[in-house]
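Using the sequences provided together with the hints, build the complete structure.
Going down the list, the sequences are from chains A and B.
Numbering that gives the first Met the number 0 applies: residue 0 is where the first sequence begins, and numbers increase by one.
Numbering that gives the first Met the number 0 applies: residue 0 is where the second sequence begins, and numbers increase by one.
Just so you know, the hints here were simulated from the structure itself, not pulled from any lab data.
Note that CB positions come from ideal geometry on N, CA and C, so glycine has one too.
Mixed in with the good hints, there may be bad ones.
Unchecked claim - 27 Å max Cα-Cα, derived DSS-like pairs, lysine-lysine: (1) A:K173 - B:K80; (2) B:K362 - A:K141; (3) A:K78 - B:K478; (4) B:K528 - A:K409; (5) B:K528 - B:K478; (6) A:K228 - B:K508.
Claimed, not checked - Selected chain B positions facing chain A (Cβ under 8 Å, derived; list incomplete): (7) N68; (8) N173; (9) C499.
Residues per chain, in single letters:
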Amino acid sequence: MKKYFSLISDLADKYIHPSITIPSTKKTGFSDRGFSCPSLYYVKKAFIMISACFNSFSTYYKSPVLLNKVQQYLNEATKLADKGSYEPESFCLSIMNVSYIYRMAKIYTKILSSCDRYIGNEIQKAALNYLEISRNVVANLKENTAYKYSAMLHCAKDLKDDQLKQHAEEIKDKIQEPVLLTNLHIHTLSDIYRETKDKKYLKAAQNDMVSVLKLIEPDDTIVNLANEKENLKTRSNPIYLQDYLGSLIYLTSVLKNEDFEKALSYAMKALVIDENPDTDDNDSLLAIPSLVLLNRGLLDIELFELDRKEALSAFNGFIDENDIYRHGTGSHVSQTIFTKQDTFYSIQCGTLKMRLRFNATFFGPKGRFKSEYIEKTEKGFRLYYTRQWGYFLPLEDRSIPPIIGSDVNKDDRKMTQLQYIDIEAVINLLDNGADITLTVSRIDDLACKLDLIFDKHGLFDSEFASIQAVGNDFIQLQEGYFTYSVGSDYIIAGPAFNGSSISSETLRGSNLPIEDTFTVYFTDMTPVSHTIQIRGGRA
Amino acid sequence: MIELIKERTKRSDDVIVNLLEGQCMDPDSVYYGSIVDPETGYSEPSRGVSIAGYFILRYCNPFSRFYGNELFLERAFIAMKYSLSRMHSDNTFDLTCTNPHDPTSIAFSVRIVAPALRLLKNHMQKKSPSELEVKVYNIIIDFLTKSADGMVGNGFHTPNHRWVLASALALVMNILDMPELMDEINSYLVEGIDCDEYGEYAERSISIYNLTNNESLIILAHELNRPDFLEHVRRNLYMSTKYFEPDGTLYTLNSTRQDFGTKTYPFALFESYMVMAHIDKNPQFAYMAKVIYDMSSSNPYDINDQGYYSFAGRHVQHMEYTSLYSGDVAIEPFDYTHYDAFFPNSDIARMRDGENSMTVLAKNVMAIKYMHKFLSIHMMFLSEGFIEFDSIEKIPGIPFGYRMHGKDTKTEVILECIFQPDGARISLETKADQLYPCAAVLMFDKEGILQGNGYSLKTKKGKNLRVKNSKFSYSHFVKFHPYFLNIEHDFVDDSFSGICVNKVMPTDKNAFTVFLTAEAPFKKTIFIKKG
Chain A
0 MKKYFSLISD
10 LADKYIHPSI
20 TIPSTKKTGF
30 SDRGFSCPSL
40 YYVKKAFIMI
50 SACFNSFSTY
60 YKSPVLLNKV
70 QQYLNEATKL
80 ADKGSYEPES
90 FCLSIMNVSY
100 IYRMAKIYTK
110 ILSSCDRYIG
120 NEIQKAALNY
130 LEISRNVVAN
140 LKENTAYKYS
150 AMLHCAKDLK
160 DDQLKQHAEE
170 IKDKIQEPVL
180 LTNLHIHTLS
190 DIYRETKDKK
200 YLKAAQNDMV
210 SVLKLIEPDD
220 TIVNLANEKE
230 NLKTRSNPIY
240 LQDYLGSLIY
250 LTSVLKNEDF
260 EKALSYAMKA
270 LVIDENPDTD
280 DNDSLLAIPS
290 LVLLNRGLLD
300 IELFELDRKE
310 ALSAFNGFID
320 ENDIYRHGTG
330 SHVSQTIFTK
340 QDTFYSIQCG
350 TLKMRLRFNA
360 TFFGPKGRFK
370 SEYIEKTEKG
380 FRLYYTRQWG
390 YFLPLEDRSI
400 PPIIGSDVNK
410 DDRKMTQLQY
420 IDIEAVINLL
430 DNGADITLTV
440 SRIDDLACKL
450 DLIFDKHGLF
460 DSEFASIQAV
470 GNDFIQLQEG
480 YFTYSVGSDY
490 IIAGPAFNGS
500 SISSETLRGS
510 NLPIEDTFTV
520 YFTDMTPVSH
530 TIQIRGGRA
Chain B
0 MIELIKERTK
10 RSDDVIVNLL
20 EGQCMDPDSV
30 YYGSIVDPET
40 GYSEPSRGVS
50 IAGYFILRYC
60 NPFSRFYGNE
70 LFLERAFIAM
80 KYSLSRMHSD
90 NTFDLTCTNP
100 HDPTSIAFSV
110 RIVAPALRLL
120 KNHMQKKSPS
130 ELEVKVYNII
140 IDFLTKSADG
150 MVGNGFHTPN
160 HRWVLASALA
170 LVMNILDMPE
180 LMDEINSYLV
190 EGIDCDEYGE
200 YAERSISIYN
210 LTNNESLIIL
220 AHELNRPDFL
230 EHVRRNLYMS
240 TKYFEPDGTL
250 YTLNSTRQDF
260 GTKTYPFALF
270 ESYMVMAHID
280 KNPQFAYMAK
290 VIYDMSSSNP
300 YDINDQGYYS
310 FAGRHVQHME
320 YTSLYSGDVA
330 IEPFDYTHYD
340 AFFPNSDIAR
350 MRDGENSMTV
360 LAKNVMAIKY
370 MHKFLSIHMM
380 FLSEGFIEFD
390 SIEKIPGIPF
400 GYRMHGKDTK
410 TEVILECIFQ
420 PDGARISLET
430 KADQLYPCAA
440 VLMFDKEGIL
450 QGNGYSLKTK
460 KGKNLRVKNS
470 KFSYSHFVKF
480 HPYFLNIEHD
490 FVDDSFSGIC
500 VNKVMPTDKN
510 AFTVFLTAEA
520 PFKKTIFIKK
530 G
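Here's what the structure looks like:
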């Protein structure tokens with residue numbers, strides 16, 4: 000582990016280097032780094048720098064120049080602490096990080112030369128000053144989140160504020176958050192465990208980390224479930240396994256979990272292979288030195304020499320209360336089966352990803368295939384969607400309002416002419432792809448369409464036509480197979496079906512096209528039963 | 000007006016030739032007699048009935064160059080056969096694109112073919128009917144007979160469908176002498192017409208369903224001898240005159256249906272104005288019909304498929320309720336370009352002064368629209384997300400002045416808009432118990448030039464800009480069109496609030512977006528001045 004820590008320390012040093020020479024002022028405006036509170040920028044700088052000052056693997060070990068910078072950045076951050084309400088999550092993170100700064104300074108000031116120790120003391124004061132100003136802002140944040148709870152615990156402990164601690168305990172049970180598989184959330188859960196020793200948080204962090212490891216694609220990106228659920232309406236920057244490194248190190252150390260050790264071994268090895276890791280955007284990586292400084296034993300983790308498949312193959316199966324199934328984690332072709340969202344299946348081969356969606360023209364959006372559950376059967380994984388809908392009757396009771404807002408009062412009306420649609424997909428997963436049988440029954444003459452959506456610009460090729468796909472483009476394939484390739488990665492799918500020659504890329508009520516993708520689509524009229532084969536590989 | 004009808008029929012004839020040539024004549028095809036929609040790849044089951052209706056109207060219309068042309072009756076017959084072959088055993092059609100076994104699809108078809116049937120009957124009475132005329136007449140009667148069964152007791156989906164069904168049932172009742180249908184008609188009518196005192200229908204669909212409602216009510220008024228229904232139509236048509244923009248489009252952002260936010264010209268309103276002009280001998284409606292007609296004839300704007308052919312593709316229906324084609328109505332100019340109209344039930348205030356207009360809209364993120372000739376600015380307010388203001392009120396004592404309130408979990412916003420002779424003044428006051436970055440978000444839907452103090456750039460769609468100093472001007476790329484808008488504001492001197500724009504990236508791909516940011520709480524003002 001130590002050799003990897005040395006590498007990480009070097010990366011942190013590379014990040015720090017330009018900050019030594021440029022002025023410590025930055026006006027926040029347009030940024031491609033998302034929406035965060037203004038003080039976070041300075042806190043992050045100070046946090047990484049002080050970690051280097053106390054890290055014997057760093058070239059900046061005990062550097063008085065850098066220590067002075069830390070103090071400057073903290074002072075700058077403090078001027079902006081009252082703007083924490085701009086963005087609560089990043090503000091809470093800033094408090095946690097300033098608390099770490101305070102604690103590192105408190106522990107390690109003694110290793111500084113006697114003439115520099117005063118800077119360490121000044122840093123402690125500056126950190127406490129930030130926490131002091133932040134105390135009320137964080138306490139008044141409207142959202143009760145794990146981040147707020149953690150930040151309040153830190154403020155209470157470092158400022159010795161029993162009243163705030165009491166307040167933190169009061170919000171603890173009010174926290175209601177969806178499953179958030181972000182590194183920051185796992186880090187925060189781990190942090191709360193460190194502060195409280197309540198194993199509930201450790202368990203939650205562990206569960207989340209297992210889910211994350213299951214979601215690793217062949218290019219080491221993590222499937223972004225939030226983006227997927229929203230039909231990629233917004234796309235966050237890709238998240239990589241390396242973004243979770245800090246949390247993975249900590250959980251591996253605390254839990255002594257062999258599967259985590261193997262995953263960590265691979266993640267560290269991948270970091271070495273990555274010749275130019277993007278440290279600027281990777282807070283998790285840069286936070287590792289502080290994690291090591293504040294938590295004993297992290298460098299004692301034993302890592303293995305494993306290939307990718309061995310390291311990650313344990314992470315397959317159901318995720319998120321069985322809403323998602325993962326297959327092939329660690330191999331060159333991974334596949335995901337989704338429920339409760341429009342994309343019901345995806346396959347990623349190397350860096351090339353394809354998603355499937357299916358729509359029928361059944362009462363507008365009610366014809367979107369969105370399975371409620373995944374069922375394991377002899378033939379494969381079965382997704383099933385059924386809906387019934389019909390028409391409203393006039394109201395018999397004149398005292399009931401016929402219209403609510405701009406629509407008919409649907410709650411109080413009887414329905415008639417109920418129509419039924421059943422859509423089933425049976426997915427037989429193979430190592431390099433799947434056979435997917437789609438069946439629509441119980442209703443005839445509906446137009447329907449299978450979308451095969453590719454994320455990357457590449458080459459579409461079939462017996463009849465070939466396209467250099469550049470995004471926001473469509474083709475209806477009417478028969479046979481096609482290949483879509485990017486570099487040496489390819490996906491083959493077919494045979495196409497063409498029951499209605501629908502030439503529109505969207506059906507009425509269907510989900511909208513995804514920006515910057517290339518879509519191949521097959522069409523038919525119900526009743527429908529087709530099996531398509533999907534195979535991925537590397538040329 | 001008679002000349003207008005003649006000219007319109009002539010244009011329709013041009014389009015009808017396309018229908019004739021596009022009709023599927025392959026007896027082995029499932030679509031034999033119909034026309035396949037190139038976009039969907041199929042033909043709706045109701046399509047045959049509408050084609051038959053269009054063809055029969057030509058056959059019977061003495062102004063048409065196809066008057067008495069038997070080819071149109073032959074084609075109408077196979078078109079009717081197509082639809083009947085696609086009818087379900089419960090006597091409904093599928094609206095394949097969305098609604099299976101749809102009774103309203105039958106009703107819409109009835110409303111097209113019933114007037115045609117009446118014209119055919121009149122035509123047949125003028126001389127001894129031909130065998131073909133009798134054949135076509137009978138197949139329509141067969142369809143109408145089945146349609147009654149398809150429409151009774153089978154329900155509806157949307158507010159306007161109730162009147163579509165009721166009006167179609169009324170037509171069938173009178174044509175087939177089926178008084179027993181009156182109970183079903185009444186079951187709808189007792190719900191009450193969803194048209195408020197200002198003339199707005201529940202769906203607020205200025206270019207689609209309002210017109211469907213008008214058409215339904217005109218039919219019901221005549222078939223049931225209920226002239227009171229026409230009051231709704233009159234109110235709606237007067238209200239509609241307040242939705243015309245200086246560039247000739249309709250304001251559609253208040254619609255709750257498919258026309259929401261679409262760039263739509265008022266050509267589809269022609270029929271309602273035309274028919275009501277004749278029914279009421281109303282010279283103002285006649286004027287509006289003429290205005291719309293002239294726009295379609297010599298529209299200099301980019302009207303794409305809403306232009307000449309699309310407009311002319313329709314035929315003036317329901318003229319049988321008027322003095323038909325022999326009647327005439329005087330035209331009296333009606334000022335539809337100067338008003339201050341507040342429709343509180345619809346959460347909208349519309350103001351217009353010649354070439355300038357302003358819209359204030361609640362319960363919609365697009366809170367304000369200002370237009371000067373072709374140039375428009377839409378404004379939204381960004382707090383935690385884009386705010387939908389709760390309600391609109393008139394500012395006491397200030398003409399053309401409106402106030403809106405809105406809030407989310409971070410801020411409370413009071414927005415005041417005053418439409419002025421030279422532009423508009425927009426005041427924003429935000430209240431917040433914690434500091435929070437907010438933005439007035441201005442959107443320009445035409446690409447042009449933005450000139451600021453110290454910079455200038457092309458306003459490309461999908462791109463954005465945060466303006467930090469106090470003024471800029473905007474003009475677009477039309478040659479010999481030297482108009483521009485100046486925007487002056489006091490969203491300055493705030494270094495950090497700009498981060499809020501990250502929340503809404505990427506910006507709308509159909510507009511160029513300008514952000515004016517500030518930290519709530521604040522009081523700020525934006526002036527829009529035409530130039």
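Violated constraints from the hint list, given by number and in increasing order:
1, 3, 4, 7, 8
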